[in-house]
Amino acid sequence: MSEHVLIVMVEDDEGHARLIEKNIRRAGVSNEIRGFDNGTKAVEFLFGQDGSALINAGKPMLIMLDLNLPDMSGVDILRRVKENEHLKRTPVVVLTTTDDEREIKRCYDLGANVYITKPVNYESFANAIRQLGLFFSVIQVPAPA
Amino acid sequence: MSSIQTTAARARQSPGAQPTLLAIGFAVLIAISAASVWLAARSNDDSDMVVHTLEVQNRLSLILLNLRRAESAQRGFGITNQLSYLTEYRESAGNVPGVLESARSAVSDNPVQVDRLNQVAPLVAEKLEEMQRVLDLFEKGSATEAQQAIKAGAGRNLMEAIRQQILVMLNSERELLDIRRADSTRTNAYLMTATLIGSAIIVIIGAISLYLVQRTLRQREEARRAVEFSNDNLEKTIAERTADLRLANEEIQRFAYIVSHDLRSPLVNVMGFTSEIETIKKDTFEQLAALRKDDVEATKKDVEMSRDFDESLEFIKSSIGKMDRLINSILKLSREGTRTFHPEYVSMDGLVKSITDNVAHQAAEKDIEIIVESLPPLKSDRLALEQIFSNLVDNALKYTQPGRAGRIRVGGRNSQTQVIYEVEDNGRGIAAEDHDRIFDLFRRAGQQDQRGEGIGLAHVRALVRRLGGYMTLRSELGEGSTFIITLPRHMQETEGKAA
Numbered sequence: 001m002s003e004h005v006l007i008v009m010v011e012d013d014e015g016h017a018r019l020i021e022k023n024i025r026r027a028g029v030s031n032e033i034r035g036f037d038n039g040t041k042a043v044e045f046l047f048g049q050d051g052s053a054l055i056n057a058g059k060p061m062l063i064m065l066d067l068n069l070p071d072m073s074g075v076d077i078l079r080r081v082k083e084n085e086h087l088k089r090t091p092v093v094v095l096t097t098t099d100d101e102r103e104i105k106r107c108y109d110l111g112a113n114v115y116i117t118k119p120v121n122y123e124s125f126a127n128a129i130r131q132l133g134l135f136f137s138v139i140q141v142p143a144p145a
Numbered sequence: 001m002s003s004i005q006t007t008a009a010r011a012r013q014s015p016g017a018q019p020t021l022l023a024i025g026f027a028v029l030i031a032i033s034a035a036s037v038w039l040a041a042r043s044n045d046d047s048d049m050v051v052h053t054l055e056v057q058n059r060l061s062l063i064l065l066n067l068r069r070a071e072s073a074q075r076g077f078g079i080t081n082q083l084s085y086l087t088e089y090r091e092s093a094g095n096v097p098g099v100l101e102s103a104r105s106a107v108s109d110n111p112v113q114v115d116r117l118n119q120v121a122p123l124v125a126e127k128l129e130e131m132q133r134v135l136d137l138f139e140k141g142s143a144t145e146a147q148q149a150i151k152a153g154a155g156r157n158l159m160e161a162i163r164q165q166i167l168v169m170l171n172s173e174r175e176l177l178d179i180r181r182a183d184s185t186r187t188n189a190y191l192m193t194a195t196l197i198g199s200a201i202i203v204i205i206g207a208i209s210l211y212l213v214q215r216t217l218r219q220r221e222e223a224r225r226a227v228e229f230s231n232d233n234l235e236k237t238i239a240e241r242t243a244d245l246r247l248a249n250e251e252i253q254r255f256a257y258i259v260s261h262d263l264r265s266p267l268v269n270v271m272g273f274t275s276e277i278e279t280i281k282k283d284t285f286e287q288l289a290a291l292r293k294d295d296v297e298a299t300k301k302d303v304e305m306s307r308d309f310d311e312s313l314e315f316i317k318s319s320i321g322k323m324d325r326l327i328n329s330i331l332k333l334s335r336e337g338t339r340t341f342h343p344e345y346v347s348m349d350g351l352v353k354s355i356t357d358n359v360a361h362q363a364a365e366k367d368i369e370i371i372v373e374s375l376p377p378l379k380s381d382r383l384a385l386e387q388i389f390s391n392l393v394d395n396a397l398k399y400t401q402p403g404r405a406g407r408i409r410v411g412g413r414n415s416q417t418q419v420i421y422e423v424e425d426n427g428r429g430i431a432a433e434d435h436d437r438i439f440d441l442f443r444r445a446g447q448q449d450q451r452g453e454g455i456g457l458a459h460v461r462a463l464v465r466r467l468g469g470y471m472t473l474r475s476e477l478g479e480g481s482t483f484i485i486t487l488p489r490h491m492q493e494t495e496g497k498a499a
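From first to last, the protein sequence lines stand for chains A and B. Quick note: the first sequence uses the working numbering, first residue 1, plus one each step. Quick note: the second sequence uses the working numbering, first residue 1, plus one each step.
So that you can see chain A by itself, here it is in the shape it has in the complex (with noise of 0.2 Å):
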């Protein structure tokens, strides 16, 4: 992946962040990582003030999200992502605790392009974590219209 593409994460809890973070940078990922708490910080982000998500046209972007969110589900994120002319081609990876499969299938359905469940296994974690820097390595994101 091209070093200019930029992974926007977000992740409620501060530990998961940074143990993915952490295995993402084993991995030999070095792309930057901006990561949010919250939802409507992300939100703020991505669509910017007017909520169009014009600021963010053409940037490189790859979107890690977390479903439980403290002030919004992370389905709504994900539904407002493919739902924008914008950002509609932005990978997104779902990271979550849930592995219900109704959540799972709901997810593809909306656009998701990878759903990884996190497993408390640490072994499993780390192993899926890097899986993913490495997928992160190969993954082509669309270019700059």
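Any given hint could turn out to be false.
Just some of the chain B residues that point at chain A, by a computed CB distance under 10 Å [to be verified]: (1) Leu65; (2) Ser265; (3) Pro266; (4) Lys317; (5) Ile327; (6) Asn328.
Please keep in mind that the hints were generated in silico from the structure rather than gathered at the bench. Note that beta-carbon positions come from the ideal geometry of N, C-alpha and C, so glycine has one too.
Position chain B relative to chain A; hints supplied.
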């Protein structure tokens, strides 16, 4: 409820009056009919008597009439000497004894009249004799002698005596006739009155009956409405409570679901950073080892310290693992609780056979014999049944009594509307004080020498309940256990949603 009961009770009581009324009505009808028949018969008798009286009067008059005809013919013959008068005289005089006899037979029922007629009879005979004597004088041509005889007035006196006597008889008969007419009228009046009174009684009874029937109908209608009303209310109450229960249940499910998710999140951190500490520790002690070089004493202390580190970290990690499994169990149970059941016809023979086939290898290894008897089929949720029976068979395989060849029996039978299945083993059994406990979540009984979180039986019991059945246990420590599952033969589509 009390008003319904009293209304119903009244509705039940009141029909008692109606058969009584009906019986009275019939009795009155019969009485009227009997009276009518009797009175009609009497009326008939009365008419017969009237006819009889008229007949008697007629016959008595005939005596007079024939005597007068005979007398007048005799006089006619005396004046004209024509033979036709003679013939007429003979005919009329000839009639008299017959008429007298017929009058006698007519009054034979009345001794007074018979006596009177007996007094008339000699007078009549004397009169006939007198007339014959005068006629004989006329025939011989001695008209003067005949005239003398007539003038003497013996004939007339006789005739007058007869007439008087017969008039007495006629009057007497007329009196009888009047009495009988009056009787007949009275009888007819009685008949009329009886009929009228009877009819009135029947009309009254009919009216009362009608009123009673209507009252009963009204009461019944009231009772029906009351029952209907209470039924409606009952259904409403049940529906409300079912809805409440369903809501409460959904709440619990949601709660369990959220709790298990939210508990998992910090657990990921605890596990993650513990592993991070482990990595750091490893690096630290490697660096430390490089620094110690040949300091044997220090190295020995380092190794001990490292072991303490590892021990603590292991405890943390194993505890997290256990907690993770518990959370997963709650999650699994809460998911099972929200699954909708689909009742279908299930061949239990086939279902249990596939379960025992799966564990056949394991059973052979542990020297356990599994006997599956013929099992009655039922309509229920297949997946739930599979989980129930595989859990029970697994338990039976797991908790054996050491030193005894294992034996597991799965049997079943039909009852009225239910099917009863038994999973029996000769394993280590369950102490009486643990019989209830083992069905609780995360609770286990006996020696804790087997893997497990204490979720199996809690899950099984929850499933059995949701299928509309119940589960009991018969067990003695060291002897074996029998789990008895009673299920409805036809599970309803609605069951299993609320539970």
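Q.
For each hint given before, does the structure comply? Return the numbers of the non-compliant ones in rising order.
A. Hint 1 alone not satisfied by this model.
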